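Q: Residue numbers (full-length UniProt numbering), protein chains in the order written: chain A, 1 to 460; chain B, 1 to 433.
To be clear, the hints were calculated from the coordinates, so they are not data collected in a lab.
A portion of the hints provided could be inaccurate.
FRET-style restraints, in silico, Cβ to Cβ [said to hold, decoys possible]:
(1) A:D385 / B:T361: 37 to 43 Å
(2) B:S6 / A:H396: 30 to 36 Å
(3) B:S405 / A:A190: 55 to 61 Å
(4) A:Q117 / B:G81: 20 to 26 Å
(5) A:D317 / B:K60: 40 to 46 Å
(6) B:V171 / A:P271: 43 to 49 Å
(7) B:K60 / A:Q321: 18 to 24 Å
(8) B:T361 / A:K39: 30 to 36 Å
(9) A:A190 / B:G81: 47 to 53 Å
(10) A:Q321 / B:P169: 40 to 46 Å
(11) B:S336 / A:D121: 33 to 39 Å
(12) B:T361 / A:Q63: 40 to 46 Å
(13) A:H267 / B:K176: 53 to 59 Å
(14) A:T239 / B:G300: 17 to 23 Å
Chain B is nowhere near these chain A residues, computed Cβ spacing over 10 Å in every case [claimed, not checked]:
(15) K23
(16) D32
(17) E104
(18) I309
(19) I389
(20) A434
(21) E449
If the Cβ cut is set under 10 Å, some of the chain B residues that face chain A in the computed set are [said to hold, decoys possible]:
(22) V26
(23) V39
(24) K48
(25) L55
The structure displayed is predicted, hence computed values, not measured ones.
Even for Gly, the Cβ is constructed at its ideal location relative to N, Cα and C.
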Amino acid sequence: MLTSKVIEQLVGALGKEKVFTDKEDLAAYSFDATADMPKVVPEVVVTPTSTREAQEIVKLAAQHKVPLYTRGSGTNLSGGTIPINKGIVMVMVKMNKILEVDAENLTATVQPGVIIQDLNDAVAGHGLIYPPDPGTIATATMGGSVAECSGGLRGLKYGVTKDYVMGLEVILANGKIMHCGGKTVKNVTAYDMVKLFVGSEGTLGVITEIIVKLIPAPEARKSALAIFRSLDDAAKAITGIINNKVIPATLEIMDNVTIKTVENYAHVGLPTDAEAILLIEVDGIPEVVEKEAEAVIKVCKENNGQLKIAQTAAERDEIWQARRDALPALAQLSPTTVLEDATVPRSKIPEMLKALRDIAQKYQLTIGTFGHAGDGNLHPSIITDETDIEEMKRVHQAVDDIFAVALELGGTLSGEHGIGIAKQKYLEQEFGEAGIEALRAIKRALDPENLLNPGKIVQP
Amino acid sequence: MAYYDSLDNVRAEITRCMKCGNCQAVCPIYKEVLGESGVARGKIQIAKDLLEGELELTDKMQDIFSLCLTCKACAANCPCGVQPDKIILAARAELVRKKGLPGLKRQIFGVLGKPQRFKLGMGMAAKLQGFGLKKIPSSNAAHPRFPIGIDTRRIVRPLAKQSLLSRLPEVSKVSKPKQRAAFFTGCMLNYMYTEAGKAVVEVLNANDVEVITPKSQHCCGIPVFVHGDVKTAKAIAKYNLDIFAAGNYDAVITHCGTCIGAWVQHYPELLLDDAKYSKLAEQMAAKAYDVSQYLIDKVGLKEPTGQVAANATYHDPCHMVRGAGIAAQPRQVIESIPGVTLTEMQKPDRCCGGAGSFSLTHYPLSSQIRDKKIADALSVKPDMVLTSCGACRMQLEDGLFQAGSDVPVKHVVELLAEAYVKGGGRDSGQKTG
Ligand SMILES: Cc1cc2nc3c(=O)[nH]c(=O)nc-3n(C[C@H](O)[C@H](O)[C@H](O)COP(=O)(O)OP(=O)(O)OC[C@H]3O[C@@H](n4cnc5c(N)ncnc54)[C@H](O)[C@@H]3O)c2cc1C
Ligand code: SF4
Ligand code: SF4
Ligand code: SF4
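This is chain B alone, in the form it adopts within the complex (with noise of 0.2 Å):
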């Protein structure tokens, strides 16, 4: 059974906890709050006494198991080898069966277990969220004009008019391709960053892959999943597997930290105990990548030739760093442009503090997370800051606004795709429409 699947399933886990306190060190959550209940240990003490009976699920329990940005510092700092980021999921999981979802949660995840209504939806919002946004004058960002869920305070990207699927081909052919890659493009590349999807496809065809863009594909269900729908999120794992177990590809290929780590962890976890998907996922597992990843470790970069003289830094997002162990790749792409200079911050693997929805429902503390990790941006004055991930993206480029920075945040394989087409590489834009 997956361990999300029942509380006594991370007992074992649980149990393992010598209680050290050396999760304090580096949970971003507990330097803010500085409270037990923020921190791991203490968030495993009232997973046990849950699990004891010596507490019930209450709304404080809620609110405690929901300040985590499931980043694993914790995991990756415990000399025992604990993975509280588990317990705590599990336990949200719990609470989810016992107390159900929140109105608008409910309401949220269950369009998002139906693929096409999803998809509607978010065109729709596409269309009218002029009415919600107020657009920054010079800039491709907004403020919500009223709290619409989000801190007004806060800066988002406005939604693509056209999503990213509804704009690349089913299959973007090379003359000669060395491999057949699908791409999973997840949400915030869908809605939100159409031209990094773009870039992904540019720099795959340019390294001879031919790509698959399923246009039937679905969000990676994760959001769904950390809030503790399990039910929801096993029903969106099938859905993806199915469609992209369809094509015969060498390779599926994400390009968001949560995207990757849904592909190689989380739906092997969820459907331990499906017969059938089980197996699908873990064979799909074994073909994902990460856009950075693939081309390192199995096409073999193409060096571009085209000069971008730029000094960067580099945010890791905490699930490709840690929850996928990706961070030298991306690194290496960075370093293969000619005139980039890569100049890394005090902690690069710290926490953005974006962790999905968390910077929406709790925008103070979130913020409070980011500047940290904007300072220590800021701290080696790069020209662009750059990252791996949709949402990482997003905190960051909240966070250089509100700190009046005009640094821009991009993707790895966007700073790529540009120096190939400086390098007189192709530019895939007719292709792509």
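Bound-form chain A, shown alone (with noise of 0.2 Å):
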């Protein structure tokens, strides 16, 4: 519980006008953008604009035992910021400067606050790019896709947030402030910690600075739209085109479902009895790209798919609206969309898909799937009506089905997603008691009074 000395020291240490004590500025921060999930008012929002403030933040949180629940832009789809234990919201997205851009190093120090797309356009005048691109590119912040570790539609061939992030400075749950790794390329100083802090979910530190890996901006792309009559050719021709030694940046497959749900908002003429489409997309040096198109055209031709190649900019840009129009389209549907973010192995992707067409069936519900081909990485989204009650029981049995398979098939909770309080009854099934004994020895050697995000991932 908090107390009016918490919040006056909060002011004194911060200013009055980054401290939010109305109801009304607190309600807004009592959700994220996950559906179905409880809506927590926080007792205070604090807005720091500097690691010093932050810093202070935590050390009040943990002078007085207060839980402290890190913001980014809110928009993440596991429950990570709801502040379900109540306590203090801490909101990073005032501390949004971009510190350096070191085009010799290709790197990129950030302060947590910063909007993804801010740094690629700031980047991009050094002819670079930072690959992780999740659909929330324009909104999510550095701090809450390393936390979330996100990926993106690029995640095939560019990975995920990890496999970008060089070195942190964070905020311990006692306040004191550590570093680890670096702008070197090489770096196997003692345990990892860069990658425990990444997808770590705010649940053992606060992320106050990043340093970045940045990659040389692809100078040529080239993308198509291949249509499937049968979903067993359209997962051959998946398997097919990485067995052809290419990698395109982006492979995405939306079902039926999806393809007529997308037809029948944005009307952008696609076929809606094709059982899958594969939108794919190369990219690199021109020559290379031009011998991958060509391969990818071959190993859809050979299956069946029906292609449709983009010319120009212009008809990239249309490819893509139909991958962009999936969620909004299924979204508007009703009033609740539940979106998960089952991951299978590459090669289990019709079995998944078939997998979910079923549980739809005995569930009587409509689900609509489309994700990163690639990488095994679906969203099937559940399209349903929080408020029918009935309904929601039979949609929470369909999750806890659809992750059952998921881990049947060799795969795992969450492709980008993360835990936070949606999928942490599932951890065990994935991780084993012994597995989930560890996460919580880390946990309470970090944060061993529970004040970091407490109720997210794993209870200590």
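Fit the two chains together into the complex; they arrive one by one in their own frames, and the hints show the way.
A: Here it is in structure tokens:
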């Protein structure tokens, strides 16, 4: 429980304008982008503008043993920023300076509140990119994406956030500041603390500075859309492309429910009787792009795919619009969209898609699936209505089944959205008892009082 | 029932929000305040709590809902098709119904509800403003001398000595009229930018359109409406509809983003359940055009021949581009002028931060938003900034002044009128007195 003394001290440390206590303001921080989650109003919201201020806040939280919830833009999809035990919400968006772009070493150093797109805009002039590109690239913060280990459309070729974080400044639960990693390409000193904090979802420390790796922007790219009457053909095309030694930057899939919905919503001319659509983009050096595009086209044709190849930038946009429309189109069908993040080895995609179809039928639900086929990361989206209690029961059972199948197929609970509150109960299925104990040991070691984002991932 | 008649009417709109946060990327207010209560997503949650009785109407809530430019950028960017601006306006209306208007606004809106008294007041103000405004040498602008409800840092256009309506003839004839159009001047034009108002008549005449300017027309009423005073707004809407329905016109022409929005969107919405007026509002909505839109889409613009050598950039008024979907036509008008190059700024459709009286009530915040706009506009090194709305123009003029720039701001059709004159077209100067 927070006392007025704590608030007084927060105001003392930060000034009045960085401390919100009005209930209207607090209400605006009681939720994030996750559907079907409890709404919890924090007791106070603070918005530090420097590491020093953030440190003061952590120290006060530690001193008074108050739960501290670190928040970026609140776009996560696992309930990660909901202040489930009340306490302090610390919003990092005002720490939004790009501290350095080091084109020589191909790194950038940023504060956690920098929006991912803003970093990309800042490095574009140097001919560089920061590859992780979640659907929320224009809204999510660097801190949130590091803490969540976000992925994106380019994950297959370029990996996820953890592949680009080289160094961190972190405030530990006791208020002390630690640094790990750095600008060197090679760094194998001691435990890999950088990787430990990437994906830690605000439960192990507060990230206040991030050094990331940048890469040269690809010179050319080519996109295609391939339509398949049968799911098996689509699946064979996916594995075929990779067996041909082509790693597309993007290899996305949309199932029939999604195709129908997108077509209904955006009228872009998608065939509503197709079982699956693949959206493929290769990028790199022009000659290589040409060669890889040819291989992709050949494989798709061999597997009865009907192809549309973008010749211009406008046509490329059109192709990607279909993919971008997937979630909005599904979301418009009903008040609530439960967006899941089940991930399986690439070769198991057809099996997973079929299982999803069966689950939808079993529980009489509409499930549209789209996702990153190339890396096996699927987003089954259940179209429902939060206020329909009976239906929500079936939704929860369906979600249980989805993760059970994903794990059976050798998959994982999360390809990019994290665990948060939403997937806690399945964690032991993936990690086993010993694994959970190891996770707990780490949490206890770094946050013995359970003050940092309590209630998320594991209970200590 | 119109959505502003009860907060309950936007319940479905509220439920549709999936809380994705996409609106953060485009909300000019959020970009400055960086707080959830500044952006649509947070405001929608607060409106929801209000609807469900978890929060009550407070002054703080009034502050939160006042922090919105109604620029509709959030609506245009929302993957779920939510229109947050409607939710915010409905909440403002609810606040006024339950808590009433603050004193000063009540007085001003009270006068606005009475067209004759409003005219009289504005006439007096034009005569007396010398006391309140300090003219800036060699410019057509002034600083307020003391805070008359306006920040003393901001520059404003002094009110015109003679209003546009008193200068324009009721009918501006042409020899072979292709169409007859009624001109809805709006207040910015009527009381400040009267030259731009004359330009509208001139370009319409030059395109063989006979222009009728009903003398007794009134403000569009939108400023009243966006502050939640739905009752007065409805009365003003009916008043204007009566006046413009009385004549026999092919079109109603406006010259400002908000005014066109009033005719095509807000009047029909406001009067939705008024049997008589809802039909009238629909009929008039079908006939209402922004002047550029009318020239391009309906009349077939007569290409000017006069040269105007200039590098121009165009600012899209929010209510024009997102409210009424008019963006191409003003650009076509600009590009039709020989010698003019249109150089686009990076984000021509980003709000200028003016938003009617928002720039008066929230000057510092409004200025921060404006400065981003000005920096963007100046980055293309323009000889002039063009726009399609008096309110935007005033905001841009203030911004350029504060940035130490003497680049002028003009309405698109003013430049067109200039090109017609240079091309030997008729100068209707005498005609309009
Ligand atoms: C429409 C939509 C599409 C999406 N698409 C993708 C996608 O393609 N790929 C993907 O991976 N994700 C996606 N997401 C999920 C989400 O956008 C990402 O997880 C994003 O990285 C979260 O960033 P944020 O700034 O909003 O963080 P928040 O949601 O604010 O926080 C996320 C987590 O990080 C912690 N945190 C935040 N800042 C810090 C910090 N400085 N130090 C320590 N911990 C911190 C929080 O406590 C929380 O646990 C999508 C979400 C939506 C709504
Ligand atoms: S208003 Fe639209 S963009 Fe904003 S959070 Fe809601 S759904 Fe997302
Ligand atoms: S209308 Fe404009 S200012 Fe208002 S919430 Fe939407 S984007 Fe922000
Ligand atoms: S929109 Fe502005 S200028 Fe146009 S009539 Fe209304 S208040 Fe007056």
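Q: Now, for every hint given, state plainly whether the structure supports it.
A: The hints, checked one at a time:
1. Roughly 40 Å separates the CB atoms of D385 (chain A) and T361 (chain B), a value that falls within the hinted 37 to 43 Å.
2. The hint said 30 to 36 Å for the Cβ distance between S6 (chain B) and H396 (chain A), and at roughly 34 Å that hint holds.
3. Evaluation of the 55 to 61 Å hint for S405 (chain B) and A190 (chain A) yields a pass: the beta carbon distance comes to about 56 Å.
4. The beta-carbon spacing between Q117 (chain A) and G81 (chain B), approximately 23 Å, falls within the hinted interval of 20 to 26 Å.
5. Checked against the given bound of 40 to 46 Å, the beta carbons of D317 (chain A) and K60 (chain B), roughly 43 Å apart, stay inside it.
6. At about 58 Å, the CB distance of V171 (chain B) to P271 (chain A) disagrees with the hint of 43 to 49 Å.
7. Between K60 (chain B) and Q321 (chain A), the C-beta spacing of about 41 Å breaks the proposed range 18 to 24 Å.
8. T361 (chain B) and K39 (chain A) have their C-beta atoms about 31 Å apart, which keeps the hinted 30 to 36 Å range intact.
9. The hinted range of 47 to 53 Å is satisfied by A190 (chain A) and G81 (chain B), whose Cβ atoms lie roughly 51 Å apart.
10. Taking the beta carbon of each, Q321 (chain A) and P169 (chain B) are about 51 Å apart, not inside 40 to 46 Å as hinted.
11. Here the CB-CB span from S336 (chain B) to D121 (chain A) is close to 34 Å, well matched to the stated 33 to 39 Å.
12. Judged by the Cβ atoms, the range 40 to 46 Å given for T361 (chain B) and Q63 (chain A) holds: they are separated by roughly 41 Å.
13. At about 43 Å, the CB distance of H267 (chain A) to K176 (chain B) disagrees with the hint of 53 to 59 Å.
14. The supplied range of 17 to 23 Å is broken by T239 (chain A) and G300 (chain B), whose beta-carbon atoms lie about 58 Å from each other.
15. With 10 Å as the threshold on Cβ separation, the claim that K23 (chain A) sits away from chain B is violated: the shortest Cβ distance comes to roughly 7 Å.
16. The Cβ of D32 (chain A) sits about 7 Å from the closest Cβ of chain B, inside the 10 Å cut-off, so the non-interface label is violated.
17. Distance check on E104 (chain A): its Cβ is at least 28 Å (rounded) from any Cβ of chain B, clearing the 10 Å threshold; non-interface status holds.
18. Interface exclusion of I309 (chain A) from chain B stands, the closest Cβ pair being 27 Å apart, more than 10 Å.
19. For I389 (chain A), the non-interface assignment is confirmed: its Cβ lies about 16 Å from the closest Cβ of chain B, beyond the 10 Å cut-off.
20. A434 (chain A), annotated as away from the interface, keeps every beta carbon of chain B farther than 10 Å; the closest lies near 37 Å.
21. Listed as a non-interface residue, E449 (chain A) keeps its Cβ farther than 10 Å from every Cβ of chain B; the least gap is roughly 28 Å.
22. For the restraint placing V26 (chain B) at the interface with chain A, the shortest Cβ-Cβ distance is roughly 8 Å, inside the 10 Å limit, so the hint holds.
23. For V39 (chain B), the shortest C-beta to C-beta distance to chain A is roughly 8 Å, which falls under 10 Å, so the interface hint holds.
24. Among the interface hints, the one on K48 (chain B) holds; its C-beta lies about 9 Å from the nearest C-beta in chain A, closer than the 10 Å criterion.
25. A cut of 10 Å between beta carbons decides the hint on L55 (chain B): the least distance to chain A is about 6 Å, and the hint holds.
Of the numbered hints stated above, those contradicted by the structure are hints 6, 7, 10, 13, 14, 15, 16, listed in ascending order.
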